[in-house]
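Asker: These are the residues of each chain, in order.
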Amino acid sequence: MTTVDVGAEQRSSFGTLAHGLKVAPEFRKGLRTTLLLALLSTAGRVVVPLAVQQTIDHGLSKTTPDLPLVRLACGLALLAVVVTAVANFFMNVRLYRTTEDGLLALRSRAFRRVHDLSVLHQAAERRGSLVSRVTGDVDTISTFMQFGGLLIVVSVAQVVLASALMMWWSWQLTLAVYVCMLPLALSLRVFQKRLQVAYSTVRTRIGELLGAISESVVGAPVIRAYGAQARTAQRIDDAVTSTREAQTRAQRISATTFCSGELTTALANSAVIGLGVLLATHGQLTVGRLIGFLFLVTLFVQPVQIATEVLNEAQNAIAGMRRVLGVLDTPTDIADPAPGLVLPEGPVSVTFDHVSFAYVPGKDVLHDVDLTLAAQTRVAVVGETGSGKTTFAKLLTRLMDPTQGRVLLSGLPLAQLSFASLRQRVVMVPQDGFLFDTTVAGNVRYGKPGASDDDIELAFTELGLLDWLETLPDGIFSAVGERGESLSVGERQLVAIARAYVADPDLLVLDEATSAVDPATEVRLARALDSLTRGRTTLTIAHRLSTAEAADEVLVVDKGIVVQRGPHASLVGTPGVYADLHASWVAQSR
Amino acid sequence: MTTPSRTPRQVIWRGLWILWLSVKEEPRIFAISAVGSALFGGMTIAQAYVFGHITGDVIEPAIKRGDATTSSLLGAALLVMGVATLKVFGILGRRLGAGIMQYRLQATYRKRVTRRYLELPLEWHQQHPTGELLSNANSDVEATWYPIAPFPFAVGVVFMLIGTLTLLFFTDPVLAIVGSVIFPAIAVLTVVYSSKMSPLMTRAQQLRGEVSTIAHESFDGALVVKTLGREQLETDRFTAKSRELRDTLVQVGRVRGLFDPIMEALPVVGVLLVLVVGTSRVGSGHLDSATLVRVAYLFTLLAFPVRAIGWVLNELPRSVVGYDRVLRVLEAEGSQVFGTATADASGPVALDTRDVSFAYGEDQVLHSVSFDVAPGRTVAVVGPTGSGKSTLASLLVRLVDPLSGVVEYDGTDVSAFAPGQLATVAALAPQTTFLFDDTVRGNVTLGADISDEQVWAALRVAQAEGFVAALPKSLDTVVGERGTTLSGGQRQRLALARAVARNPRLLVLDDATSSVDPSVEQRILAGLRGSATASTVVVVAYRRATISLADEVVFVDEGRLVDRGSHEELRERCAGYRDLVTAYERAEAERIAEHAGDEKETVR
Ligand SMILES: Nc1ncnc2c1ncn2[C@@H]1O[C@H](COP(=O)(O)OP(=O)(O)O)[C@@H](O)[C@H]1O
Ligand SMILES: Nc1ncnc2c1ncn2[C@@H]1O[C@H](COP(=O)(O)OP(=O)(O)O)[C@@H](O)[C@H]1O
Ligand SMILES: [Mg+2]
Ligand SMILES: [Mg+2]
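If you read the protein sequences in the order shown, they are chains A and B. Following this note's numbering, the numbering of the first sequence begins with 1 at its first residue and continues without gaps. Following this note's numbering, the numbering of the second sequence begins with 1 at its first residue and continues without gaps.
Because the hints were derived from the structure by calculation, they are not lab data. Backbone N, C-alpha and C define an ideal beta-carbon position, used for all residues, glycine too. Keep in mind that the hints are not guaranteed to be accurate.
Pairwise CB distance ranges, derived in the manner of DEER restraints [unchecked claim]:
1) H282(A) x F159(B): 39 to 49 Å
2) T204(A) x E331(B): 26 to 36 Å
3) D563(B) x G362(A): 28 to 38 Å
4) V197(A) x S474(B): 33 to 43 Å
5) V174(B) x Q284(A): 31 to 41 Å
6) E331(B) x F477(A): 25 to 35 Å
7) A185(A) x G420(B): 51 to 61 Å
8) A479(A) x E558(B): 52 to 62 Å
9) D563(B) x G442(A): 46 to 56 Å
10) S5(B) x P337(A): 20 to 30 Å
11) R527(A) x E568(B): 40 to 50 Å
12) T438(A) x E331(B): 26 to 36 Å
13) E558(B) x G442(A): 19 to 29 Å
Distance condition first, Cα-Cα at most 30 Å in a straight line; then the derived DSSO-like pairs of lysine-lysine [claimed, not checked]:
14) K22(A) x K241(B)
15) K196(B) x K111(B)
16) K559(A) x K473(B)
17) K473(B) x K363(A)
18) K363(A) x K193(A)
19) K196(B) x K448(A)
20) K29(A) x K24(B)
21) K559(A) x K448(A)
22) K111(B) x K29(A)
23) K241(B) x K62(A)
24) K196(B) x K241(B)
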């Protein structure tokens, strides 16, 4: 199955950055001014070597030190430092603002994109990993921008300035310093590659670790019921250990990189001393400049060293960026057509035009379904577990597109209907009544934003659920807990149905939506929906054939093929899949 | 979520205490990195001395003479390289040590936190959002030990500063005064800085958590979001919270923008002061120019490391918040109390439930429920939605402990059993299926010693043999996180096989066939009837066929045991029960009547 990253994983670090800038133009806003400020804000750093050089060459060169001159030089230097500090302030403020704006945009776009991905993608990708793409990964970039990123920007400016000053003082020594830097500059690429590998391993390990931890939390009841604590602990420990090992390996590489920077500084210093003394004895260099140079070498190598220091952060951030962009790069296979058609007012009919669907290429889960369901009918879909009923429902609500053929609603191709129109008129209630962590009312309102509390009470009344509502501690204001887990499983389904009910769709699809509800409530609910759904088309998937008995039409699915259709009364008398199913049902329920 | 509120000063102290804790946890590694850091500090000072020496004894004489000896130049170069090499060893020790220390601490605390998750009772889990627990074990542990990375560095820097000031006093008291103004000023500024930063960082951390909670929930409910077309609504909700985070971070930028430049300017100002003051000292004959160069160089070298102290202090607030949250898990009360009883009897369990009550917080959902099940018998628990059946089922296998009353197996209170014993006796197939990201085999055995034959036998009973055999790798197929590649009914059957596979002496089925079609269910029930002879069975059910498996029915409503007896008896005398189990028949009867009415009308 396709996962989200594929294309983006191959992009180089630089390509990733460039792509990020393209995807979120907010990053580029005022970038030039910010960079200019960064250049200015490093000016204060070259002030020291200059002041030292002036002091030695002009202040201390005579027998009595020239104090006023030193004062003047240092006073000017101080002024430069102040200007620098002010520039630094503005640069910081601007940098934070632009990067955080860019990240906000990126985050929110990636979030949206995850929701726009088809259910197939969402299912293939671990939930936790999708979450980390809009949280942890973005946070990594943000942290990097605030520390490492800033350092890099400033460091680049510092190298530029230091080089300029060095060139002015002595091109020979500058050349020597550059030559000394060469091995480092060259090996940096190798180090960077190794770091990249090391840190991507770390990320993978952390992902696995999160998965293992999350199982221990989400699967808490099962772990306890089966005494699987030891096994779970083992799995977590393994993940923790391999994470630690990967981190340590990465750390070893980055420490080595850093040290090569230190040795390079020493090498450059030795070269400057050796060559500098030779040049000075030949009168081509003043002592002040030579010593100033030694100060400059630190300034020159330090950024390189810092760069290696923040390289791992940078790698992390780029890996994070890559993963965020990976989401944005994944095409939405189920796209909102623009401009989309609008489903005409009124009842909706459904047509499957030779539709086939396969999750895995070549293995049809639904095969050549070709049928029309008239508007305003109540249709029941029955069939064995795994026969393809849910798949049918997902195709009907365009959670997926058919592999072959097409689906039409009221004669319009489903793929050309705008989402706004489609989702408003066609609603599906999936089997697990997922609820948001708010009140009952809050969840129902999700089906119809703006519904008043009275509307919501009314919905429960109309659905015959008032008795149940009264058993809750705070009626519609009762909190449902995370994923609705403070309600019993059946109760969650009741709320989910109320949520779909207030949305008032013209085509309502119920996929085993009352599987955990007791028979009396289920029958009551079915009857309520029935009397209220006259005028709308309903499609109900259920294992309790009471639904089929009450339906206008029954579709019988077997191994991906619609083998029978017709009203219950006529199907039950014909030998076949339905008659068998119904016989087992009767045997069980009477 | 109650975080003890602390003043910035208290935060710093608490943070330092956590650092001390880290030293106690990993004394050896800390020692290595601290020694490395000290070596680094010493060599940094030595580097300045070497420079002073080279300036005074190599460069100046050579230029005066107008000629340099190769040996003196070579000596200088060797000296520089030698000091640098030692410094590199220091750096290696410091950085590797700090890294290893940080990662070890993270690993240790992750293990401790997750171990606690496994020990704490289910009730505790029900009271804490998943997202919070995930971040406790992950980002909070990480945040706690963030300051460890620069910590040994900072320790070394402190020694380096003390060393520098001492040496300065011996070199030149006036310059020493400059140093003892500048460096403490940097230190004080760092503290002020972090006290300004601390509330912002705490807020940012909290907002990150909230952003993450929204994302978790939203993606968990992706299907609902999609089917109702609420993508924009969700994006807006997420963006609003993210914007708060952005605003906080921009504020962080402002504070940083204010302090960072000052911190950077201070050492530069120091060097400039050294130059001005030093020049006049040279003039008055107290100092030579080589020493001046040395001191100026030392100031330059120190400018960067001094900030390591700031890095540590800046991370402390985050660390303190993280540690508080980690501690809440580690110190959480309410572990289930275990006894020492072992469960070595064999054969079906005699189950006895006496006066069991249970409440979720204030909301009491079971009221004094009592019933017993003789060994080998099957009891069906029937009741309306939300009446407390699942709660009862989880009490029977001691997922939770009752508020009052007892559950007994063969006369032994379930809380008297030693840890792990109950799982060898009882198995629960819960109402909601949870599959691990593991193979089919792993999901059925869950690490227990169960042979493949037994696994297949269990799959056969659960009617899962067919589809498992058809999976690409059969038992070795990985079913994926929460079993997303299987249909609902298939997942439920795997969970059922899990319960059956260990031949439990007490089998509790909580509506474990709700997603299974009637014909498959019929076969499952037949299988259970054939195999469950050695078990006592409690089954939560609505359907007649499942109920007919039972020797006795227990009817619960609103958390009370209303009646018990055979199906026929209850149907006779218990209106609520009758209402429930005959709902489908009545519905059909009504429909037929209605239908007949309709036909008459059309005829007329
Ligand atoms: N995301 C998926 N990836 C691969 N196969 C799937 C996926 N979802 C369902 N299937 C397979 O498709 C078949 C039909 O599934 P489904 O439509 O859910 O059946 P039903 O709803 O009738 O129980 C099953 O064999 C199932 O294993
Ligand atoms: N984790 C929980 N927190 C708070 N209340 C809960 C929780 N789980 C269930 N309840 C409440 O307890 C009652 C009984 O739930 P449950 O035992 O799941 O019912 P049943 O299985 O009979 O449908 C319900 O009213 C439900 O709202
Ligand atoms: Mg299904
Ligand atoms: Mg239940």
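Asker: Next, verify each hint and record whether it holds.
Answerer: Verification of the hints:
no., hint, in the structure
1, H282(A) x F159(B): 39 to 49 Å, "43 Å, holds"
2, T204(A) x E331(B): 26 to 36 Å, "33 Å, holds"
3, D563(B) x G362(A): 28 to 38 Å, "56 Å, violated"
4, V197(A) x S474(B): 33 to 43 Å, "35 Å, holds"
5, V174(B) x Q284(A): 31 to 41 Å, "35 Å, holds"
6, E331(B) x F477(A): 25 to 35 Å, "33 Å, holds"
7, A185(A) x G420(B): 51 to 61 Å, "60 Å, holds"
8, A479(A) x E558(B): 52 to 62 Å, "20 Å, violated"
9, D563(B) x G442(A): 46 to 56 Å, "37 Å, violated"
10, S5(B) x P337(A): 20 to 30 Å, "53 Å, violated"
11, R527(A) x E568(B): 40 to 50 Å, "27 Å, violated"
12, T438(A) x E331(B): 26 to 36 Å, "30 Å, holds"
13, E558(B) x G442(A): 19 to 29 Å, "25 Å, holds"
14, K22(A) x K241(B), "24 Å, holds"
15, K196(B) x K111(B), "34 Å, violated"
16, K559(A) x K473(B), "21 Å, holds"
17, K473(B) x K363(A), "16 Å, holds"
18, K363(A) x K193(A), "41 Å, violated"
19, K196(B) x K448(A), "45 Å, violated"
20, K29(A) x K24(B), "48 Å, violated"
21, K559(A) x K448(A), "37 Å, violated"
22, K111(B) x K29(A), "44 Å, violated"
23, K241(B) x K62(A), "66 Å, violated"
24, K196(B) x K241(B), "23 Å, holds"
Violated hints for the displayed structure, listed by number in ascending order: 3, 8, 9, 10, 11, 15, 18, 19, 20, 21, 22, 23.
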